[in-house]
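J.: Residues 13 to 248 in the numbering used here are what the sequence shown spells out, letter by letter.
It is possible that some hints are incorrect.
What the hints assert, rightly or not - As a list, the in silico BS3-like pairs of lysine-lysine whose alpha-carbon atoms are at most 27 Å apart: (1) Lys-167 to Lys-121; (2) Lys-174 to Lys-46; (3) Lys-230 to Lys-148; (4) Lys-148 to Lys-174; (5) Lys-121 to Lys-78; (6) Lys-167 to Lys-148; (7) Lys-148 to Lys-121.
Stated by the list, open to error - Label-pair ranges, simulated between beta-carbon atoms: (8) Gly-159 to Asp-238: 20 to 26 Å; (9) Asp-38 to Ala-231: 37 to 43 Å; (10) Pro-99 to Asp-49: 21 to 27 Å; (11) Val-227 to Pro-187: 15 to 21 Å; (12) Lys-174 to Gly-136: 54 to 60 Å; (13) Asp-104 to Asp-165: 31 to 37 Å; (14) Gly-136 to Tyr-29: 24 to 30 Å.
These are calculated hints, taken from the structure and not from any lab test.
Because the structure is a prediction, the values reported are computed rather than measured.
For each residue, glycine too, the CB sits at the ideal point set by N, CA and C.
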Amino acid sequence: MHRMRVAVTNTTTTPVYFSELQVLSDSFETMPPKRVDMALTRTLRTDFPIPYGPARCHPTTIPAPKPAVIVARLRVGDEPLREVRYPIPATDPLLARLVKSECAQFILKQAIDVSFGSDWTREGDSLRGVLTVVRKSGEPVTIDDVGATTHFDLKPESGRRKPIAVLSGASLEIPVLVTSSRCDPHAFAEAKQAYLFPLWGTPPGIGETYTMEVVPPKAVQQRFWDYAVDLCDLPS
C-alpha cells in the first residue's frame with residue numbers, strides 16, 4: 013500500500029479533533045478517507061500516515077505531476093465537524109518524486125521481467141547466483157546497473173557496470189554476487205527494506221534510464237538471511 017505522512021502543528025491550547033484524512037489528485041487513483049479519530053492539543057509536529065492510490069502512469073513517458081489536496085474532516089474546540097482542504101501545488105517536489113519513482117518503474121516493467129534465481133552458493137564471504145531477465149518487447153533492453161539494499165550489496169559477477177548487459181534475445185541470466193553490507197544485530201532486527209533491490213534499465217525507444225525494485229521470493233530471502241546470520245555470527 014502507498015502511504016505518505018502529513019505533518020500537523022497546533023500552536024494553540026485549543027484541541028483540534030481529526031476525524032478523517034484523504035489525499036486527492038489526478039496523478040493517483042483515489043483511495044477512501046483514512047479514519048484518524050484523534051484530538052491534538054499543542055504540538056510542534058504530529059505525523060499522520062495516509063494511504064494514496066497507485067500513480068496514473070503512461071506506458072512510455074513519465075507524466076507531469078498534477079496538483080493534490082489533503083482533505084481533512086476536523087473539529088476545532090467545540091465547533092461542529094467541517095471539511096478543510098489543504099492544497100499541494102503541482103510544483104511540490106514530493107509529488108514529482110512520487111510520480112517519477114512509480115511511473116519509471118511502471119515503464120521499465122512494461123519492457124522486462126526480472127527475478128532472482130533459486131540456487132545460491134556460498135563462496136567465501138559472498139553468495140553466488142543469477143538474476144533472470146525476460147524481455148517483453150521486440151527491441152533490445154539495456155540493463156544498466158544493480159544496487160544495494162539497507163543490508164545487502166548486489167553486484168554483477170563480471171564487474172561490468174553501465175551497462176551490465178544488453179538483452180537482445182528473449183531472456184538472459186546475469187551472474188551476480190550478494191554480500192552482507194552490515195553485521196550489527198540492531199540492523200537485522202529492523203530489516204524491512206533488506207530485500208528491495210534496485211535495478212536500472214533503459215527501455216527500447218525511450219533513451220532514458222529508469223529504476224525498478226526487484227524482490228527475491230521468500231525462500232531466497234531466507235537463504236540471504238541465513239547467510240548473513242552465519243557470516244556475521246549473529247544469533248539465529
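J.: Does the structure break any of the earlier hints, and which numbers would those be?
T.: Those not satisfied are hints 2, 12 and 14.
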